[in-house]
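**Student:** Take a look at the letters that make up each chain.
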Amino acid sequence: MRKYCFFPPGKFVFLLGLLFMMQTVINAQVTFPVNGVADPQVKCFAFTNATIVKDAQTTLTNATLVIREGKIVAVGSSITIPKDAVVIDCSGKFIYPSFIDIYSDYGVSVAQRASIGYDYRGPAQLTSNIKGVFGWNQAIKSETDAAKLFNTDNAKAKLLRDIGFGTVLTHHKDGIARGTGALVSLASEKENLVMLKEKASAHYSFSKGTSSQSYPTSMMGAVALLRQTYLDAQWYKSNPATEGVNLSLKSWNEIQSLPQIFDAGDKWNDLRADRIGDEFGVQYIIKGGGNEYQRIKDVAATKATYILSLNFPQAMDVEDPNEARFVSLGDMKHWELAPGNPAAFEKANIPFCFTATELKDAKQFLTNLRKAIEFGLSETKALEALTKTPATVLGVYDKVGSLDAGKVASFIITTGEVFKEKTVILQNWIQGDKYNVKEENWTPIAGQYTLQVKSANGNNSYTLDVKSNTDASIFLKDTIKTKFSYDGKLVNISFATVKRPGTAAIRLGGTVNGDVWNGNGVDAEGNNVLWTASFSKAGTPAPDTSKKKPQTQLGKIVYPFDGYGFDSLPQAQTILIKNGTVWTNEKEGILENTDVLIKNGKIVQIGKNLSDATAKVIDATGKFVTPGIIDEHSHIAAFSINEGAQSVTSEVRIADNLNPEDVNIYRQLSGGVTSSHILHGSANTIGGQTQLIKLRWGVNDEELKFKGADPFIKFALGENVKRTPSQSNNRFPDTRMGVEEVLMDAFTRACEYEKGCKEGEAAANATKKKGTAPTPVAPVRRNLELEALVEIMNKKRFITCHSYVQSEITATMRVAEKFNFTVNTFTHILEGYKVADKMKAHGANASTFSDWWAYKTEVQDAIPHNATLMQRVGLNVCINSDDAEMARRLNQEAAKSVKYGGMLEEEAFKMVTLNPAKALHVDDKVGSLKAGKDADVVIWNDHPLSIYAKAEQTIVDGIIYFDRARDLELRKKIAAERNRLVQKMLGEKKSGGAVQPATPSFQVVLSCGDHDHHDGLITVDIDGNDTN
Amino acid sequence: MKQLIIIIYCLVCWAAIQAQEDVYPAKGYAGKLFLTNGTIHVGNGQVIENGTIEINNGKIVQVGTNITVPADAKVVDVKGKQVYPGMILPVTDLGLKEIANGVRGSNDFQELGEYNNSIRAIVAYNTDSKIINTLKANGILLAGITPQGGTISGSSSVVQLDAWNWEDAAYKMDNAIHLNMPSFISRPNRFAILTGTQQAQPDPTKEALNKIDEIKTLFRQAKAYLQETTHKETNLKYEALKGLFNKTQKLFVHADQVKQMLIAIDFVKEFGFDVVLVGASECFQIADLLKLYNIAVVLGDEHALPATEDDDVDQPFKTPAMLQKAGVLFAMNDEHGESRYRNLPFNAGTAAAYGLTKEQALQAITLNSAKILGVDDKTGSLEAGKDANIVVSEGDLLDMRTSIIIHAYIQGREVSLENKQKQLYERYKYKYELK
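Chains as they are written, first to last, in the UniProt record's numbering: chain A, 1 to 1028; chain B, 1 to 435.
Hints were generated in silico from the structure; no laboratory data involved.
For each residue, glycine too, the CB sits at the ideal point set by N, CA and C.
Do not rely on the hints blindly, as some may be mistaken.
Footprint (simulated), chain A over chain B, 3 or more residues, beta carbon under 8 Å [stated by the list, open to error]:
1) 37 to 44
2) 251 to 264
3) 327 to 334
4) 392 to 401
5) 421 to 429
Chain B is nowhere near these chain A residues, computed Cβ spacing over 12 Å in every case [what the hints assert, rightly or not]:
6) Asp-153
7) Asp-478
8) Asn-609
9) Glu-754
10) Lys-834
11) Ala-836
12) Asp-861
13) Gln-892
14) His-943
15) Arg-971
16) Thr-999
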């Protein structure tokens, strides 16, 4: 046993360190047998004369660091160096704590298989393929334990050590719940020794990864699965007999107390993840997507700590204008501004860590970090993000994250301040062991040397000017560049004495021994020579240029982040629309030469000769003023639409995956649309909960919602839910007989669920009242799916039901009547005209297409007179789009009922305004022009039903979101901004920067899954049902 | 008695299933016919107020304001109505594709194989398609029936829409060969884009250029083959291209991307083909070049979203006006898979809202289409010597508010405007006792 006999008085910290150390010594036995003679190591080192950056706030100059047995023993400026320490003189060197990456998969390989999307036509995998005592869904892998999967991987470790990392939190990146992560060092040692904490975190994501199970197919399905699993796990704590043992839920519960890390990967997903956390009392650490700077206020509101990648987008090769055309302004702006993401976090005071994991080339890490610093990130914050912050959020700051006695001896030695461009990481010490990074730079060799070359022919003396390890020149008549290399020990110099091509060179090889270099070689004539080089004069180091790059003008952050965004969000104004032809949709009908006054987002007055001194006046002479268009059936502004994996998915919510930056919002404003009902698709009988939105261009997802509207849900019948295009459907139902039974079954279960809930509640209340010991009541598992159905039965949630043929329409109404509720709206309803009388008796609304038909079997009897017939029978009839393009011409679609059924024009226009407002229960707020209602108003240049009519201004809540004059200005701005960024990217290419091929900014189009959509050149239809 | 009930029942069912079997093609009308006092939109930009059209044996004899109407002649007074040339749907799968999704048996628009030069759409054209009558009811009287798929899909034919069978329907047989230009953009896998697992794809430019070389090689070989009159073995694929070389057929190149369209110029320069671009959504960028090479365009759906996020929100709407300004010969089309092609006039109406004059917009669905399809000697405008393919509307044809067709004539025959949908409308008006 070794003994430590020194004890510097007054160093309490040191005492602690010593105790810690002795503990280590006592435990220095191992179970692993030694093959040969035992070779116990002292491993005590003292690093002297260094600039030691203990943490981002504390820098000690001319200080000493002592480590022993992998732990830091002492740090300070007046440290007694242990006798058994190997002393390393670090004059001129800097020592930092090694970096920490808490979003790593180091040493935990995932059997990579391409993620499976949802194939509308393929067979469904309805149950998990993982055999064993696990949960029902293959994507919930909470039992995964990274520590058990971990293997040291020297090659990968080296990549990370070379860029300064010493500790990583590694986890198995697969699934929606990913189990626990392990904190490991990057030492190339036995797994047992590098494991710093085997259960350090729990991990989650929205991506089901390699799960081949169909559910969930969508973002909103992933959200629902997470929410339901929180509830299931809570319930599982009561050991429900019906569940048996479920290791996934068991593990889920066990790991809740760990730091919870959510891989969100996008600014909107960050908010989405945070909301799940809020619901279940969890504050996630969120792995961001690099675009958070675009919505930094919303991101700050999550109060989460973030993990940020530094994988800034590369410039694209935009030489070819036809390729450049398809790169969106948003993508180009992101390229320009992404390096400012960390600075935006710092400015907004949001804590964050860095990860190097997503970089294709790890070597880019420090380069990109410097870029982030150029964009305003402070070096202090950068260092914290790599040391203290990650250690603190994991609760391991007692182990790693700073250079303090008692902590793991993981640190880097550099030639200077770590984030400076010229600084080189020389060594990375991990758990007290040295790993060479660029040791050859330890002793700087730059300077002038007198080079003496001796041969049989005589002696020659030269002045050798060394700039770096690879660059040196000889001063003769000319300055002659040599071929020069120095690797820390060996040196090679080769040069010709005259600057003429073909001249033979003197070739020298040797070693560097301090200030004098020695070696042998061959001269130009082939004679052997000996040489020495002696240091004569210090060179002038090349200036650090990292800070001097002039920052060129940057684009603005706009809302939404694309060409049509606002510099700042527009505000409600007092607006006086003068002298228009006003279509009120009220009993006043159409009023000529009439004014509309808007204040605080509401319509205040409609009448002649109104005035308001504060109002912005819009002259509507010769123009038409109408209520905004309401689209009862839309699929814009969402990240996913169909959760098609099961026949009943009432647990999913469109609201969970709104996309407020969908350019179709702007395009539809240009067509006079002010509200849209975003429906789940039609892939299954009971689809998801819908979301009514207002087209408030520029706001966030939450603010997009139509406040105070009744909640709805999408149902669907017929061919889509039978999966007719599938040649291999294995999901019940396959016929309309089955569809009806899915409904019967679901509501029967919902009834029993409600009964169970009530009984549970009653029992609990009774117990409370009596004050007696609780009678054992089996806890009810809160079921999000059935909860939504109970709401329907209690008339708190309303159905809009995709439907085509008369048989299914009637059958569905009868099911509803059995359960004592009404189907609020039948949408599509192309055979509604056949059962309009029955629908009226039932009390349903109808929302249909004007003239669609013959795109599949169930629409063979569709007729363009459908709307007129239903209306004449007395139904409230709407015309909807179900199509991002057609939505901007809904007024014209309504006009087709004038053509086909002879409907009165005002009545026709109501089908896209007041009638959908009624169907959606918001006609007290929108749908007509009336004092007190929301100021959702459109000004048209022509008769609002005419093909020639264009919306000139579209106003939502008294805010002008679309203005044709502004739109023309924006076109110029977009062109100019695109040009500026294309030129900038070309400049990047010209100056030798890395560029990637121009990648089209593909636009995802979501649809019902019902019919072909009309894809543009760079749109991708996710739910489409194309037959080609 | 029971048997009788069954027979009646069967008849009723038959009528229900086979609705529109009582919509007949019109009998030929020999002799003179006058449409008088109408506002005549000639189709070439000219509008004649209060005009008369004289028709004899299915042909237009004269159009004007000073036409004497014999006392005994058949006269249709169209006072206050709008008179137009019958509209032409230039490139369509009408009569080849009845039920788009889910019923494979109803589809005959896409053959297997890569080079289907000799495939002819006309032989599969189903004159009894229920869709046809809905088009006539909206004033669309002729169509270019076009096969799809492969690199060369085959030949299209122009038909008139009031016929008993395809031989009656044929208006111009095999007017064009259709080529699908290889794409220079590879679209990502739809799932991969969501899951971020996009695999590296082969360079689309390279793939496209290889394919284009293959196409050109085919044309070169066909040209050589056709220069020799006798062959040991007949090559139907080469024979089918004869019309391209002797210019009795046009080459319709289906292309949207600029690069694809620029390549199409090669077919003009190297082979001297009459090239027409179909789809051509990006053509507004190279309109002047198309004019330079006399390349005509059949635009795709007018009612489309802009191609890129940054594009003007109304870009597709104003593309026709940009072509008009550049002097490119262009026609408009309706390929909408859900409304099934009946909105052709409204596509033109939108173009009129965004820069074309109404008469220019009309021309884009009548005379221009006839020129592009090679039938302007017979139709496309209301001019002497042409077939009396005429539509009479209550009001502006291009605006759905007023576009109500009251008469339609094909080759002078007044065709029925009935269709299955109107019959179902009547049936349910009857059920609900509505007038």
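**Student:** Determine for every hint whether it applies to the structure shown.
**Tutor:** Hints versus structure:
Counting residues of the segment 37 to 44 of chain B whose C-beta lies closer than 8 Å to any C-beta of chain A gives 0; at least three are required, and the coverage claim is violated. Counting residues of the segment 251 to 264 of chain B whose CB lies closer than 8 Å to any CB of chain A gives 4, which reaches the minimum of 3, so the coverage claim holds. Residue count for the segment 327 to 334 of chain B with a Cβ under 8 Å from a Cβ of chain A: 0. That is fewer than the three needed, and the coverage hint is violated. Counting residues of the segment 392 to 401 of chain B whose C-beta lies closer than 8 Å to any C-beta of chain A gives 4; at least three are required, and the coverage claim holds.
For the segment 421 to 429 of chain B, the stated coverage by chain A holds: 6 residues have a C-beta nearer than 8 Å to a C-beta of that chain, and at least 3 were required. Remark: the non-interface label on A/Asp-153 is consistent with the geometry, its nearest Cβ contact in chain B lying 23 Å away (cut-off 12 Å). Under the 12 Å C-beta cut-off, the non-interface status given to A/Asp-478 relative to chain B holds; the minimum distance is some 47 Å. Against chain B, the non-interface label of A/Asn-609 holds: every CB pair exceeds 12 Å, the least being about 31 Å.
In this structure A/Glu-754 is separated from chain B by more than 12 Å, as the shortest Cβ-Cβ distance comes to about 36 Å. For A/Lys-834, the non-interface assignment is contradicted: its Cβ lies about 7 Å from the closest Cβ of chain B, within the 12 Å cut-off. Residue placement check: A/Ala-836 does not keep its beta carbon more than 12 Å from all beta carbons of chain B (closest about 7 Å). Chain B draws A/Asp-861 into its interface by the beta-carbon criterion, the shortest separation being 6 Å against a cut-off of 12 Å.
With 12 Å as the threshold on Cβ separation, the claim that A/Gln-892 sits away from chain B is violated: the shortest Cβ distance comes to roughly 6 Å. Distance check for A/His-943 against chain B: the nearest CB is about 7 Å away, which does not clear 12 Å, and the non-interface claim fails. A/Arg-971, annotated as away from the interface, has a beta carbon of chain B within 12 Å; the closest lies near 6 Å. Here A/Thr-999 does not stay apart from chain B, with its beta-carbon only about 9 Å from theirs, under the 12 Å limit.
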